[in-house]
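2 protein chains.
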Amino acid sequence: MAASVAAMESAPVTSFKERLSGHAARVEQELRRLLDARERAGEIVRPERLLAAMRHGVLNGGKRLRPFLVIESAALFGRSGEDVLAAAAALECVHCYSLIHDDLPAMDDDDLRRGQPTVHKAYDEATAILAGDSLLTLAFDILATESGEAARPPLSPRQRLDLVKGLAVAAGIGGMAGGQALDLAAEKDRPDEAGIIRLQAMKTGALIRYACEAGAILGGATFADRERLAEFGSAIGLAFQLADDLLDLTADAAAMGKATGKDAAAGKGTLPALHGAEWTRQQLKGLVDQAHDLLEPFGAKAAALKQAATFIAERKS
Amino acid sequence: MAASVAAMESAPVTSFKERLSGHAARVEQELRRLLDARERAGEIVRPERLLAAMRHGVLNGGKRLRPFLVIESAALFGRSGEDVLAAAAALECVHCYSLIHDDLPAMDDDDLRRGQPTVHKAYDEATAILAGDSLLTLAFDILATESGEAARPPLSPRQRLDLVKGLAVAAGIGGMAGGQALDLAAEKDRPDEAGIIRLQAMKTGALIRYACEAGAILGGATFADRERLAEFGSAIGLAFQLADDLLDLTADAAAMGKATGKDAAAGKGTLPALHGAEWTRQQLKGLVDQAHDLLEPFGAKAAALKQAATFIAERKS
Chain A
11 MAASVAAMES APVTSFKERL SGHAARVEQE LRRLLDARER AGEIVRPERL LAAMRHGVLN
71 GGKRLRPFLV IESAALFGRS GEDVLAAAAA LECVHCYSLI HDDLPAMDDD DLRRGQPTVH
131 KAYDEATAIL AGDSLLTLAF DILATESGEA ARPPLSPRQR LDLVKGLAVA AGIGGMAGGQ
191 ALDLAAEKDR PDEAGIIRLQ AMKTGALIRY ACEAGAILGG ATFADRERLA EFGSAIGLAF
251 QLADDLLDLT ADAAAMGKAT GKDAAAGKGT LPALHGAEWT RQQLKGLVDQ AHDLLEPFGA
311 KAAALKQAAT FIAERKS
Chain B
11 MAASVAAMES APVTSFKERL SGHAARVEQE LRRLLDARER AGEIVRPERL LAAMRHGVLN
71 GGKRLRPFLV IESAALFGRS GEDVLAAAAA LECVHCYSLI HDDLPAMDDD DLRRGQPTVH
131 KAYDEATAIL AGDSLLTLAF DILATESGEA ARPPLSPRQR LDLVKGLAVA AGIGGMAGGQ
191 ALDLAAEKDR PDEAGIIRLQ AMKTGALIRY ACEAGAILGG ATFADRERLA EFGSAIGLAF
251 QLADDLLDLT ADAAAMGKAT GKDAAAGKGT LPALHGAEWT RQQLKGLVDQ AHDLLEPFGA
311 KAAALKQAAT FIAERKS
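Protein sequence lines correspond, in order, to chains A and B.
The first sequence begins at 11 in my numbering and counts up by one.
The second sequence begins at 11 in my numbering and counts up by one.
Pulled out of the complex, with its shape left as it was, chain A reads as follows (with noise of 0.2 Å):
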């Protein structure tokens, strides 16, 4: 991969979605490798059903942009692999568990994800919560997972610690969980700005940051720089949202391959819905300017990571 990291440095903008989509390729066989191994490891009497529905909610096709991040911050510090790609990986089973479960009736009761049955549709309810269940767990399994990489220096039990507990933190009631619960909350409290924001932040946002952090930690970065990529992760993670919540409010449900239009049905505020399309391209402006210039000392190599920023938020759908 390394070889690869630097033939990209100086492509054209143009070649960032076949990058992308390279790196999705990867994660979505390392997935599979993941999932395949634990479903031969030891004399269990294993959970087909279960096992089929994991494979339904994580191997759907995605675009991966949090495994990207991963790949392309561990990259800026010289680390590519084995253990990288499982990072990646584990961070998408994170966010696969986080689809599953807020799609369930209780939560958001959605029957379509990238234009497939969600998963309580494809098996059920039980074996929706279940899934999820077993992804959340699966990536703190990964994370703790030596590699038995050969090539590479490993990780150190302090890195993969780290790891750990970056993961638990992003994705607790300070994070994801938390953020999910303001969300469903939010059409009876109706939160002000700045509640929109810090939910949105804790729902969407906190994962992204990690992504780019757990590349940091992956890299053996500095304090410093592990900081620098976790605002980095910060200013993407809200542009991520405030696009999404854009295309809720212009898109058709064709193009996203899901419900559109469902918070400002719900009564959800959310921030372009507050002040309109115009300030929300222009505050994107602004997040994608401030995600460059935190990634300046970085210099050609950050190559990468800055077309991520432009195109979370530019993107279509």
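Derived by calculation from the structure, the hints in this document are not laboratory data.
There could be a bad hint or two in this list.
The list makes no distinction among identical chains, and a pair is therefore deemed to hold if it is satisfied within one copy or across any two copies.
What the hints assert, rightly or not - In the SDA-like style, the derived pairs of lysine to any residue whose C-alpha atoms are separated by at most 20 Å in a straight line are: (1) 131 to 115; (2) 198 to 135; (3) 311 to 91; (4) 198 to 133; (5) 73 to 295; (6) 198 to 62; (7) 131 to 195; (8) 131 to 117; (9) 73 to 88; (10) 198 to 132; (11) 198 to 117; (12) 73 to 321; (13) 326 to 303; (14) 198 to 134; (15) 198 to 321; (16) 198 to 125.
For this one, chain A is given, so just place chain B on it according to the hints.
Using the frame of chain A, we list chain B on its own:
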């Protein structure tokens, strides 16, 4: 705590319940402390309802058997203190997460747990799903967090990582989540006797086994002793399930504080239902003997764990 462990080594069997409830009180206090600390951490908007639901699910006056096993197993190797208590609390978080999710309408659909409304009854389904998710996540957070304990050599990152890995395996598709999935399918699949044993070894056995193994990890035990403690945990885990199924067959709901006879009503086979009460009591006696034999090398230090094995096999609620 070291002093009280020494004092109990030669205590009579009748004092076991006091020892169990003493540990339970300390674990409950630790769970309170850990939840309070996470609530105060960071400048987040606090998801109050979610935090209340987590407390409802975890601060419920349980026997805290798994934490007891962690504490007593660690004491075998001379380890006590804050790190042990925190790890014990982490395992209880995972136990309570599994109860909250298992009680959901889509799963076992239980309204009562220890005589109190289940979390989805006291709150709502979405909050119960998120409370379970958050307790599972919190457990990994706790294990990855240094206690800052000054009085003893700290746990090594390797020990903490082993704790994380072990918990992930015990909770995942080859453990609790996989076992619950098989249990949900048991009504239709009608597993044979070997299938029932394996299902239960995953669903309830894995975490009890791991509680004993975690104590050995905390205590810096040799691999052989770690394996011995895990085997002890397997024996009492199976005894726990047999005693539970025996109670389900014979006790009434008032004594159990929850619905009874449900497994039989659902057409699910249990070993006591297949073989009767007398056969079950013989099996329980054999498992207790096996558990006691495994602890012989530890001599008088293992008195409390031996009493735990007897208690588990003979408990009436």
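Which of the listed hints are broken here? 5, 9, 13, 15 and 16
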